[in-house]
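Using the sequences and the hints given, assemble the complete structure.
Protein chains in written order, with the numbering used here: chain A, 61 to 427; chain B, 67 to 220.
Since the hints were derived computationally from the structure, they do not count as laboratory data.
Each residue gets a CB set at the ideal place from its N, CA and C atoms; glycine is no exception.
A few of these clues could be false.
What the hints assert, rightly or not - Here are the simulated EDC-like cross-link-like pairs (lysine to aspartate or glutamate), alpha carbons at most 20 Å apart as the crow flies:
1. K149/B <-> E338/A
2. K149/B <-> E220/A
3. K365/A <-> E111/B
4. K149/B <-> D266/A
5. K141/A <-> E191/A
6. K263/A <-> E147/B
7. K162/A <-> D205/A
8. K109/A <-> E176/A
9. K200/B <-> D128/B
10. K299/A <-> D177/A
11. K409/A <-> D128/B
12. K207/A <-> D275/A
13. K328/A <-> D367/A
14. K200/B <-> D266/A
15. K149/B <-> D405/A
16. K384/A <-> E368/A
17. K254/A <-> D291/A
18. K326/A <-> E391/A
19. K299/A <-> E358/A
20. K109/A <-> D177/A
21. K371/A <-> E345/A
22. K255/A <-> E220/A
23. K149/B <-> D367/A
24. K409/A <-> D132/B
25. K321/A <-> D352/A
26. K365/A <-> E147/B
27. K236/A <-> D94/B
28. K68/B <-> E103/B
Unchecked claim - Partial list, computed: chain A residues near chain B (C-beta under 7 Å):
29. S134
30. P148
31. S237
32. S240
33. V264
34. L268
35. S400
36. G402
37. A406
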Amino acid sequence: MIISILMTVGIVAGIGGFFALLLIIAESTLMNYGECTITINDKKKITEKGGSSLLTTLNNNKIFLSSACGGRGSCGFCKCKILKGGGPLLPTELPFLDEQEKKDMVRLACQVKVKEDISIEIPEDIFAIQEFAGKVTSIKDMTYDIKELTIELTMPKEIEFKAGQYVQFVAPRYEKSRQSVTRAYSISSNPDHKKFIELIVRKVPDGLCTTYIHDYLKEGDTVNFTGPFGDFLIQDTHKDMIFIAGGSGKAPVKSMLEYLKAHKSKRKMTYLFGARTEKDLYHVELMKKLEDDLEHFEFVPILSKPDEGSKWSGKTGYIMPFLKEFIGKPENTEAYLCGSPGMIDAVIKELHNLKITDEQIFFDPFS
Amino acid sequence: MKKTPQEKKIQQNLQPGVITLTGFLGNDHRFYQDIIEEDKNMLIELCITPDEVADRLQYFTDLAWDSYDGPIIIDEVYQVEYKSYRGKIPCPFLHPGLFPKGTITLRNLFCQKEICWTPLNIHMIRKHCFFEGKGTPHRIEPNEIIEILFCKES
Chain A
61 MIISILMTVG IVAGIGGFFA LLLIIAESTL MNYGECTITI NDKKKITEKG
111 GSSLLTTLNN NKIFLSSACG GRGSCGFCKC KILKGGGPLL PTELPFLDEQ
161 EKKDMVRLAC QVKVKEDISI EIPEDIFAIQ EFAGKVTSIK DMTYDIKELT
211 IELTMPKEIE FKAGQYVQFV APRYEKSRQS VTRAYSISSN PDHKKFIELI
261 VRKVPDGLCT TYIHDYLKEG DTVNFTGPFG DFLIQDTHKD MIFIAGGSGK
311 APVKSMLEYL KAHKSKRKMT YLFGARTEKD LYHVELMKKL EDDLEHFEFV
361 PILSKPDEGS KWSGKTGYIM PFLKEFIGKP ENTEAYLCGS PGMIDAVIKE
411 LHNLKITDEQ IFFDPFS
Chain B
67 MKKTPQEKKI QQNLQPGVIT LTGFLGNDHR FYQDIIEEDK NMLIELCITP
117 DEVADRLQYF TDLAWDSYDG PIIIDEVYQV EYKSYRGKIP CPFLHPGLFP
167 KGTITLRNLF CQKEICWTPL NIHMIRKHCF FEGKGTPHRI EPNEIIEILF
217 CKES
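Structure (structure tokens):
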């Protein structure tokens, strides 16, 4: 009886193993897509063995589309136009594409498998995105939950970026993470300084990458990132600029202001920075100094809940009611926002009330 | 019972250090489907559906979001605060899309009990009937739902 059970189990296991082997052989022979050519913007061609995702194939060739989820199909950042090849649109892509994008043949590069020659279109800026390695030369506490990092570039040694852009920082696997994670952080330094970048990072509760940066990263450590990404940029106009930020949202604004100062901008600029208490304020001296250096710049910190008994004499409350005071002619104003999604949403509603249109409002895509 | 590769992947995503620092299982060592099964049965006993729980959480979330960055009193019973952070996280159950990072804290001023959830929790309850494992900061005990979230109606 036992022998016949064991024989049956053995036969079933043997048949299973045989089919598994058959599948492996079929995958490596029948599913061999051979060499596939990817034509980019009708000019650059890369040839790679087929079978990987388009995102991976491009990454292998040092072309970095933005991606916050590492190709899992959950962030929807790695969009590109596929003019030829790529197969049908997959159900996993549908939630990320609107009707116009579907008509324009936009796809998610992480979901498209390279099985044939493909022709794609990507923004020219993407060719400027590179992988960088750098050494952390300084980590400063800005507040109890915000740190500022300075990273000196080691490979390559210089970066070209525009004020307002961000990098994707790679936190390696560490004690509390099971895999490396990538997160986007705005660059806070002046783009004229090409040999280093600064980042301002607020600790997010339960955040894998911010916990690494706050609790594990040390001065002297080597870090890796890709970039620069993003189109949250200073508009090339003469309009008045109102910057509105909170928390670590100061990063891209600081980069913009330092750039505008270096280039002796004459534009009228107002910077409203919202925080809860005085403990949440930082870089105040730096901003006061910018008031001296920039001809038409005013820095206005606003506290929503100053501590009882504090000597705070500045503005108190939320930012929204103060916007009216600082917007002269709405049609001649551009608003640059950076902060928590809640703050951005509330500020946009108030800007609309003040007749500032969406075309005049700029903010980070990952807020 | 043998688990499919997808089920194994989901169980892995729920562990600490994969999507979030503390993960979604807390000190609950059961397979996620067993946690779901037990909570589903509790909801049936309570005559409430995952959609009704998710709708209720969404109701408080939306009102707290509109109040922006500070506690708000809702229906004279609930003190709710929404803290939002930059960035988004994926669903551990491999659903497409990203969910905003943020924490909503609700204190029922009658029973003085407090619960905490994230936008991702609302999705996981609605689509997967997953309330997280025991011991996580965002676990909502199904048997406390009626007392805490439906105070006025009950």
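Hints and how they fare:
no.: 1; hint: K149/B <-> E338/A; result: 18 Å, holds
no.: 2; hint: K149/B <-> E220/A; result: 35 Å, violated
no.: 3; hint: K365/A <-> E111/B; result: 44 Å, violated
no.: 4; hint: K149/B <-> D266/A; result: 13 Å, holds
no.: 5; hint: K141/A <-> E191/A; result: 23 Å, violated
no.: 6; hint: K263/A <-> E147/B; result: 19 Å, holds
no.: 7; hint: K162/A <-> D205/A; result: 42 Å, violated
no.: 8; hint: K109/A <-> E176/A; result: 10 Å, holds
no.: 9; hint: K200/B <-> D128/B; result: 26 Å, violated
no.: 10; hint: K299/A <-> D177/A; result: 47 Å, violated
no.: 11; hint: K409/A <-> D128/B; result: 15 Å, holds
no.: 12; hint: K207/A <-> D275/A; result: 11 Å, holds
no.: 13; hint: K328/A <-> D367/A; result: 32 Å, violated
no.: 14; hint: K200/B <-> D266/A; result: 17 Å, holds
no.: 15; hint: K149/B <-> D405/A; result: 13 Å, holds
no.: 16; hint: K384/A <-> E368/A; result: 27 Å, violated
no.: 17; hint: K254/A <-> D291/A; result: 19 Å, holds
no.: 18; hint: K326/A <-> E391/A; result: 18 Å, holds
no.: 19; hint: K299/A <-> E358/A; result: 15 Å, holds
no.: 20; hint: K109/A <-> D177/A; result: 11 Å, holds
no.: 21; hint: K371/A <-> E345/A; result: 17 Å, holds
no.: 22; hint: K255/A <-> E220/A; result: 9 Å, holds
no.: 23; hint: K149/B <-> D367/A; result: 19 Å, holds
no.: 24; hint: K409/A <-> D132/B; result: 10 Å, holds
no.: 25; hint: K321/A <-> D352/A; result: 10 Å, holds
no.: 26; hint: K365/A <-> E147/B; result: 14 Å, holds
no.: 27; hint: K236/A <-> D94/B; result: 18 Å, holds
no.: 28; hint: K68/B <-> E103/B; result: 17 Å, holds
no.: 29; hint: S134; result: 4 Å, holds
no.: 30; hint: P148; result: 17 Å, violated
no.: 31; hint: S237; result: 4 Å, holds
no.: 32; hint: S240; result: 11 Å, violated
no.: 33; hint: V264; result: 5 Å, holds
no.: 34; hint: L268; result: 5 Å, holds
no.: 35; hint: S400; result: 4 Å, holds
no.: 36; hint: G402; result: 4 Å, holds
no.: 37; hint: A406; result: 4 Å, holds
Hint compliance for this structure: hints 2, 3, 5, 7, 9, 10, 13, 16, 30 and 32 are not met, and every other hint is.
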